[in-house]
Every structure is written in C-alpha cells, then in structure tokens.
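Peer 1: First to last, the sequence lines map onto chains A and B. Our numbering numbers the first residue of the first sequence as 1 and each following residue consecutively. Our numbering numbers the first residue of the second sequence as 1001 and each following residue consecutively.
Any given hint could be a false lead.
What the hints assert, rightly or not - Some chain B residues near chain A, calculated using beta-carbon distances under 8 Å:
| no. | residue |
| --- | --- |
| 1 | 1048 |
| 2 | 1052 |
| 3 | 1053 |
| 4 | 1075 |
| 5 | 1076 |
| 6 | 1080 |
| 7 | 1083 |
| 8 | 1089 |
| 9 | 1093 |
| 10 | 1096 |
| 11 | 1104 |
| 12 | 1163 |
| 13 | 1198 |
| 14 | 1201 |
| 15 | 1206 |
| 16 | 1229 |
Read the hints as simulated data drawn from the structure, not as lab findings. The beta carbon of each residue, even a glycine, is placed where N, CA and C say it ideally should be.
Next come the chains, spelled out residue by residue.
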Amino acid sequence: MKSWLTTTDHKRIGQLYFWTALGFFLIGGLEALVIRAQLARPEGIGVSAEVYNQLFTMHGTTMVFLALMPLSAAFFNYIIPLQIGARDVAFPRLNAFSYWVFLLGGLFLNASFVAGPLLGAGTLSVAPDAGWFGYANLTSRQFSPGPNVDFWLLGLQILGIASLAAGFNFIVTILNMRAPGMRLMRLPVFSWMTLVTQFLVITAFPVITVALVLLMFDRFFGTHFFVPSGGGDPILWQHLFWLFGHPEVYILILPAMGIVSEVLPTFSRKPLFGYTVVVYSGVLIGFMGWGVWSHHMFSVGLGPIADSVFSATTMLIAVPTGVKIFNWIGTMWGGQIRFTTAMLFAVGFIAMFIIGGLSGVTHASPPADLQQTDTYYVVAHIHYVLFGGTMLGLFSGMYYWWPKMTGRLLSETLGKWHFWLTFVGMNLAFFPMHFSGLLGMPRRIYTYGAELGVTRLNEISTAGAFLIGISVLVFLVNLWWTRKRGEPAGNDPWHGATLEWAIPSPPPVYNFTVIPTVANRLPLWQTEHHAPMAPLPATPPAPIHVPGGSWWPMVTAVGLPLMAIAALSHQLWLVFVGLAVVIAGIYLWAYEPFEV
Amino acid sequence: MRPTPRLLAAILLAVAGCGGPFPQTTLAPRSDLGVAVDNLFTNIFWWAVVVFAIVEGLLLFVIIRYRQRTGGGPPSRLHGHTVLEIGWTLAPALILVFIAVPTMRTIFATAARAPEGALRVEVVGHQWWWEFRYPELGVVTANELHLPRGKPVQLEMTSADVIHSFWAPGLGGKRDLTPGRVTRIAFTPDSISEYAGQCAEFCGASHANMRLRVFVQSDSAFRAWAARQVTAAAVPPRGSLAERGQDLFAHGACIACHTITGVPQARGTVGPNLTHVGSRTMLAGATLPNTEEWLRRWITNAPYLKPGSLMPAMPLPDDQVAALIAYLQSLK
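With the rest of the complex left out, here is chain A:
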C-alpha cells in the first residue's frame, strides 16, 4: 500500500492512471445513460431540468478531462519510456505529482454531487450545470449564484496543473531520454503523437487557465471580464475557451491516432505506410489546430470575413487528417491482416473517424453550420470523433498493451463480443442523432415535445447507448476474468516491432537490463534492410539503481484541493493552510536526498 502511495515508477503510475480514469469513465458513462433514459420519451420526467443540466455538464467534463485524457496518460506513462528505451520518465516525482493532482481534482469535481448540505445549498447535488464549455455570462454570479460553477472552475484549474506538469515531463522525456540511436525520425508513431499532444497541452492549457482565473475573479471578487453590464464581453470567454478547446480536440484524438499507427502495422505484418508523412501530418494538425477555434462560434455573428477565414482553415485541416487515413489503409494494403481484438478496434477507429470527419466538413461551412450547430447533429459528430475515434483507439491500445502491462492476454472471445457490441451500440446510439438534429432537436434540452417527430430516433439512440453500457460490462468481465486465467503473454505476444516488446511482460522495475542501441525504426523486425535486434540479456550485467518512492508529490498535491475547498467555503485561513502545504511539500521534495 505504502509503495503505491509513494511510487515514482512510471509503470505503477500508468496503472494508477488507468484504473482511476476507468472509474471516471464508468461514472461519465452512467451519467450518459441517465441522460439517454430521460430522452427516450418526449416530456421525460426521470430527472428534473436542474439535475439534467448537471448531468450533461458533468458527462462532458468527466469524459474530456477525467476519462479520455487520463486514459491516454495511462499509455503515455506506461508505454513511452518502454518505447524509447528509457528506465523511467525524466521527472518521476513530478509524474507522481501529476497523478495525485489528477485524482484529487477528479474527486473534487465529483464531490459536488453530494456536497450541497455542507455548503448550505438546498439540494444534495450542487454539480456544475453550465455546460462543459461554461459559456459566460450564464456562469456569472448573477445567473449562477450557487457553488455549482465554482466547483467547475476550481476543479478544472486543479486538473490543468496535472496536465501541464505531465506535459512538460513527457516533452523532456521524449526529447532527452531516448535510447542511443533513436533519432526523432526513428521514434515510434505513438511516441511522436504523444510529443505533439504534449506541446498542445503546454500551450493550450495556459489559455483555459487564464480564462478560468478571469471567471474566478468575476465570481469571487466582482470583476466584470465577462459581464456586459459592467463593460465586459461574454464573447471574450468564447474566444478564450475555444482557443483552448479546439487544440483540446487534438489533444484527445492524436494519442488514439498514435495507438492505431502502432496496432495496424503489427497486425498487418507491414511497416506503417508513409511513416514520414504520418508524422508530419500529425505535427501539421498540431499547428493547424490553433487556427480554427472560431468555427465553434459561427452562430455568434462574427461577420462574413471572419467566418470565411475560419471556414477555410477548418476545411484545410481535413487534408492532413485525410492523408493519415489513406496511409493507414495503405499500411493494410498487401498485408497479412490478423483480426485480433486490438486490430478490430483499430479498423473500427478508421471507419468511424471517417464518418466523424465527413460530418465535420459539413459544419466547416458556416451557413450550413447555422442549421447544425447546437443540435443533435453536432452531438452525433463529436461522438463519432471522440467515441468512435478516441475511445475505440484507446480500447485498441488496451487490448494491444494489456499483456505488456499485466503479463496476461485479455480473452479474445470476450474481446470480440466487446468490440461488436460497442460497434453496433455506438452506431445505433449516435447515427440517428444526425437525423434528430437535422429534424430540429437542439442539444442540452431535458425535454422535447412529441410533436417534434423525433421520438423513434431517440428511442433508437437510447437503446444503442445501453448496448454500449453492456459492452463496457463485457470489457470489465474480461479484465477480471483474465486477471488470473489469461494466457501468459511472454515478451512479445503480437510480434511487435518496437522496443517495449523486447522486454518481459510485465517489465521489471528497471525496464531494460541494458539500454538498447537503436539502429532503425523497427528494431525487432526482420526487414529487407536489417535483421532484428539481438535479444537483451535476461539479467542485468551490472546493478541498476532504482530510486525509491517519495511522499512529497502526494503531499504537495493535497494542498491544491485544500485551496479550492477554501474558495468554495469562503474560508480565507484554509487558503493559507493549502498554500502552506504546497510550499512545504515542494520544499521537502526539493531537498529530499536523491538516494533513498
């Protein structure tokens, strides 16, 4: 127990990220099921308008910040050091700090569901209720007087610290900790996409942090950054939010694209088609992702010039994305495709991402978007991209790397059930939403009239959502069942090409007995140009120093939610307690003896 609390081992932190994010994924999924149950019928009365608004706000916030990002982070943590031939990340204690901040930030946000009585509110739940996008000026104290929005803006600030710390950590890790010979253009694509993602994180999160700080000032100290009656501008919030929010979309999708770029070659027995182009496309997407934010704001009325420019940049970003898809298909072309569960999810990713991408092009066109924005058509689009894309990609990664993380394979039989239930479920749930949107159903409504004519479509969506729920249960059973009974994985169950497959599963605490020297992109494969790398020695030829654990990352992390709780309950003294904990934690951390 103590060893887990104080761990700085990237593999353990990766597992902590995985299980915590999976827990939040289940919570976010339950919220989605309540939402779908409410909408199954017109004039739904399952939950009240207030609770419904909390549910969709928390569903979005949870899935983006507490499920998809940290599930990707689980793979960054576990896999990146293995792929680049390192013993750990560059800053192991900072890595532990990121995890604890993420965990506490997530718990803080979700505590809002039961914190009402403690804060003197009239209801049990005071969960955030202004949408995951938190548009001003609905979030001002005047229109959202309760603690709900405070939970949201404080929780996101805490989570932002975790993301930023991890972002810097992984950039330094990937740039500085690569094994000898692993030049950037020999980096596995998953590591490449992680690198691009982390640059997006460290540049995009400061923007949302500034926006949240301004909102905090508005709410706590009576400033008027976003309050029109005080000379502020609610549209400023939209610019800041989407200036973060669109790069965030690529923060969510690029890691999954990286996973798919590892899985497809392995199970096609062919190197990735157009490695260089795939890498440059990813980098290009990272840059272009900064120039498209106002396509979330076409209905604001920014004027024809702005609309035209943002429309053009948005359409342009379809080009590198399309190039990636063609290269993935090119990877499989002429291959010997093995349809393992990981491969099914990867191919499912491509198929679904194409749909999400194409519906995206339809609202890259501002006049068309004016009919689509804020309707279920856009709900369909984001779920094809973030569930059909990111989540299927992450599932693919789970089946692919689970044996490496645990030493045991997941059941392929249960895995195939999991895939097909997910695939059918998601299409049932999300495809009809294109139609309910075009037929006039707006988003974020807790009720709709039968006269809208979209009842049948909503019934189908709800059935599909529950099918996804069942598929997740199958996945959980698979995790549980194979815990002891799964087939032993060996070093390399899939015949992978990258370094993580050169070492035992699960890897020893030091990862590599000797740090390998890398001579090409596919070190473990026989190709026309080179033979596979020689196996590493089974035992370390020289003793390997592994640093011990540290309490201080966790202690430091505890100070942050203390300050947030202080702000919520308006206890100034508690702010100073939290601050003291953070400062003391950092001080003791900094002066901790290196050899423990």
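Once you've looked at the hints, dock chain B against the given chain A.
Peer 2: Okay, now just chain B, sitting in the frame of chain A:
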C-alpha cells in the same frame, strides 16, 4: 414554395421512421435564407457521400482482400509511395475547393442586410421567453412572431440576460442573442405557414422550454393582426367575471412584471407584455396551449411547468384564479 421535396429530405424522413410532420425540420426551408443554406448543405452532403463511399469501400476491400490466409505469401514490402502521397493530398484539397467556393458565396450572400423598407423586428431574449418588438408598427408581443409573406425581414436581436440563440429552422439558420450586442439576421419568408422554433444556445434551467412560433401570413392578414395589436387592451364589461379579474390584476402581484396597455398600474417589463395575450396560441415560452386549463396551472404554479421561472407560484383561491383567467382570455 419549393417545387418538390428534395431527395435528401425524402431519404432522411424515410429513415426517421415516420412521415412527420416535422415542425422544426431544417430540410424544408421556406425562405431565401433557408433555401440558400439548404442548397449548400445538399451540395456538401453529396460530396461527403461520395467520399464516404470511396474511402469506406477502400477500407472494406482492404480488410477483406488482405486478411491472413493459410499459405498466403509474405506481406508486401511496400511502405511508402511518393506519388500516392501527393495524390491523396491533392484529391481532398481539390474536393474542398468545390465545397469552399459555394460556401464563401453563400456566406456573403446571406450576411447582407435586408434591403431598405424591410420589416424591422427587434428580438430580445429573456430567460426563458422571447420578446418581439416592431418599432415601426408599435407592436410588442411575446413568443409568437408574425410576419408577412414575401416581404424582407430584418431581425435585430439582443438579450436581456444571458446568451440565447434564435432558431426557426424552417426560415433559416440560427443567430445568437448576446447581451450588450445587436446581432442581425435577414430573410424573406416565401410561404404562408406556421413554424416552430426554439432557443438553441444553452441558457439555464429552462433552456428546453424557450420555444417560439412564427406565423407567416398574407400581407392583409398581417396588417389586420398588427392593427389589432397596437390597440389598448380590451375593457371587460361591467360586472363581468373578467372585470373582477382586471381588478385583481391591477391590484395584485402581476403588475410588478407585466404590462397591459390601458391598465395604468400594469407597467412591469420583466415578463411578457400581456395586452393581447388572449390572441396568442401558446403560453409560457410557447410550451403550453393557451387554454383555460393550462392558464390555471400556469398562474398557480409556473415554476413547476417551467423550472427556474421568475414567475412565482401563486396559490390563489379558485374564484380569483377563475377571474384572472376570464380577464386574460378576454384580451384578444
């Protein structure tokens, strides 16, 4: 009126599993703006269908053709091809040109202001109802917008509280109402009909209950409606139940929020103007039919029907409620 329903619309409606009617559909536009948007969408939609068929077809072909077989040869060594890369970079770029050009044209065509002499309507969003003011005609009403067919309309919109979005899909796309700004949307309705719409930007507890109706009428019917709307409120006959209602209204809580032209005490502007409330078809942000029964429920317990409503529950004695209903219904 558009000649025939589009193929696309027909397909979508068939998929929807029933024949409609779909009062809020985006696929049967009845204004120049709506038609322009729909044409553009249809254009992009078919490009998307073509690309979808090609790429998903290619994907299906590859996973079937190259699945592992016993005795299959070694996998191909092909792992890059410069000409192919250039080809599949240029092809999508070219298709996007075919989408971008009509897009830009439509942006500028639909961004233009309505011509001189267009009917101006000021739209003010409130949590959670719509205020419609016709400055040239002196008409003020709520939730139900009346427009003459064939005449250009310029909506000039703002919000009294938070951001809302005006959306009547049958007449064209949406536009946000932002406090402190005036946003505009211009169109010319082309068919006499009734349209449903609702707020499209999340605006708080009862966002789902902020709906609207648009009545596009013949020019003469519109003028008759407007002429009646500018008159003072009807005066109930002496001794009638409605007169008692008027008395209750003028000396009760109602006047804090509602205006009735002709009743000097009633000058509130927080809630909708009720001068001609009896002429409207709907109540409560166009969510409830304007009938005696729904009026009774609305007056006695508005927050139950519209969560978060600023109008409090008013547990009045039955006879007082009946009098108020009689009065409000008389305000044709």
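Peer 1: Run through the hints listed earlier and report the numbers of any the structure violates, in increasing order.
Peer 2: 3, 7, 16
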